[in-house]
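Line by line, the protein sequences give chains A and B. Under UniProt numbering, the letters of the first sequence match residues 1 to 300, in that order. Under UniProt numbering, the letters of the second sequence match residues 1 to 300, in that order.
Please note that the accuracy of each hint is not assured.
Quick partial rundown of chain B residues pointing at chain A, CB under 10 angstroms, derived from the structure [said to hold, decoys possible]:
| no. | residue |
| --- | --- |
| 1 | G20 |
| 2 | A100 |
| 3 | V113 |
| 4 | L129 |
| 5 | D155 |
| 6 | T175 |
| 7 | A179 |
Here are some chain B residues the structure puts well away from chain A; computed CB gaps all over 10 angstroms [unchecked claim]:
| no. | residue |
| --- | --- |
| 8 | S109 |
| 9 | T110 |
| 10 | S161 |
If you're looking for bench data, these hints aren't it; they were derived computationally from the structure. Note that the Cβ used here is the ideal one computed from N, Cα and C, for glycine as well.
2 protein chains.
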Amino acid sequence: MKNELPYDLVRTLLAVVDEGTFDAAAAVLHVTPSAVSQRVKALEQRTGRVLLTRTRPVRATDSGQVVVRYARQLARLEGDARAELGMDGGPATASPTRLAIAVNADSLSTWFVPALASLAEDAHLYLDLRREDEAHTTELLREGEVLAAVTSSPDPVAGCSVRRLGAMRYLPVATPAFAARWRSGPPAHWVPRAPLVCFDRRDDLQDAFARDLTGGQPASPLRHYVPSSEGFAQAVTAGLGWGLVPEEQALLGLHSGALARLLPGHTLDVPLFWQQWRLDSPALFTVAAAIAEAAGRSLR
Amino acid sequence: MKNELPYDLVRTLLAVVDEGTFDAAAAVLHVTPSAVSQRVKALEQRTGRVLLTRTRPVRATDSGQVVVRYARQLARLEGDARAELGMDGGPATASPTRLAIAVNADSLSTWFVPALASLAEDAHLYLDLRREDEAHTTELLREGEVLAAVTSSPDPVAGCSVRRLGAMRYLPVATPAFAARWRSGPPAHWVPRAPLVCFDRRDDLQDAFARDLTGGQPASPLRHYVPSSEGFAQAVTAGLGWGLVPEEQALLGLHSGALARLLPGHTLDVPLFWQQWRLDSPALFTVAAAIAEAAGRSLR
């Protein structure tokens, strides 16, 4: 494989995909945009495939993603080897290694980032986090866009290992005034009618919860879309609708009286898993251990 | 125009774009997927253009976006007229009107949503918020994806009015330990070297700030990408890098001692504008007034 895919060409392709344009890749690689273009063409001739869409930003084609995935593994392994050999001459001259990880929005806004405080001491390892719905993070793993992912899928992507992190608990909450206005009779009566807040159109947490409660009916079509974790909690706190709020955020509102539990005793637990490529990488190992440890404290 | 673009066909196209698939649109419209498909084809025959890409989710083509924009204006005006005529027979039977608004992530996580608490009393108006970089929200306006936007651009999109909301103030902060380790000598010496946190690859706030300070040098290539407003503040608080944090969030950390100002006296003000389509819509007017009022309190 090495003869067919020279390292400088592969690394150039990766830079173009990561930076989004030929010009930006050229700046990072300290070469001219024309050299970048020639290297990508050379790689396409060698592989006999179109590897990039010439859009802004450029995107890897299906064939391109195979090469990108290979390039990321090479870069990861080289970064680890350089670190072990002490070749990174101090923080100022180290070439940073990026660890691309997909994380669901609620984890990214609550327990995930503080778990990585230990990386502050590591001058050659940098995070490249992608926010993605927990049911869709595995797509990014499969495409080789990320090395690891926090996902709701326990089924390992080909080439990946999987480990259970615990469950994120959500509480159905609303303002006391909202509860007084909408909650009357059994859940099957009011849950399909009461306005709610959803994160975005991919968010089916509330509908799944409603179906369980009502024997199959989804939540109301009267719904606000608020694609931000704090914005979501703020929308519920403002009385725009009910919603499933992560326990940590919900408890703040419950203690202050701004929120009320809509269905005492009912919660929704979303199991989360850590999937990562099978790579003998000390950096990835370090991050995975920190995440597992924090998940043990923060999740159920 | 009415004869050429029958309302039921236009509304069907809008439902397909909003819901993402023919099946989902069919469920919302209470017709069969086959009927949805036939209506879209009929509309394409009438206009002589392909209006949708048959992808999952489907997307409007350039021609499709023109029709979508027209459809949203019709829906908005119809919703307003129904409300004025008292035709919405109570919350349970009202057909909800969606107000699609693009908002930059930091606004969406701080002052924007609480400003809309008054909508909780309005049973026929629902928010469809889109999170987008403040420099790119105008694209969504131009494409007709949203009716209004919080944007950094004072130049009105064709057909839109623009109004200044105020400036969002950012403070350059880091942990005290980070400041002690990296900050030595003039900014031109250490700012281009110190690791930092960026929101994503579109976020050039830190680079623009660094260029101003150093006479042209961008911030360090040693950077973490954390695409979440709270995650961003958490990453800075964890010591992963310095970053420009919205004043409201930064002050919490400064008061507790978790954060320190990196360059006392230096701040970055990002002016924000409200752009909206020129529509005689009471609902849009109500929302715009609430946003302007909240911006007056929260922004500079």
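Right, here's what the structure says about each hint:
1. G20: Given a least distance of 6 angstroms, the restraint on G20(B) holds.
2. A100: Holds - the Cβ of A100(B) comes within 10 angstroms of chain A, reaching about 9 angstroms at its closest.
3. V113: Hint holds; V113(B) Cβ to chain A Cβ min 4 angstroms, cut 10 angstroms.
4. L129: With a closest approach of 5 angstroms, the L129(B) hint holds.
5. D155: It is violated, given that the least Cβ distance between D155(B) and chain A is near 21 angstroms, above 10 angstroms.
6. T175: Given a least distance of 8 angstroms, the restraint on T175(B) holds.
7. A179: 13 angstroms, violated
8. S109: About 5 angstroms separates S109(B) from the closest Cβ of chain A, which leaves it inside 10 angstroms; violated.
9. T110: 8 angstroms, violated
10. S161: 24 angstroms, holds
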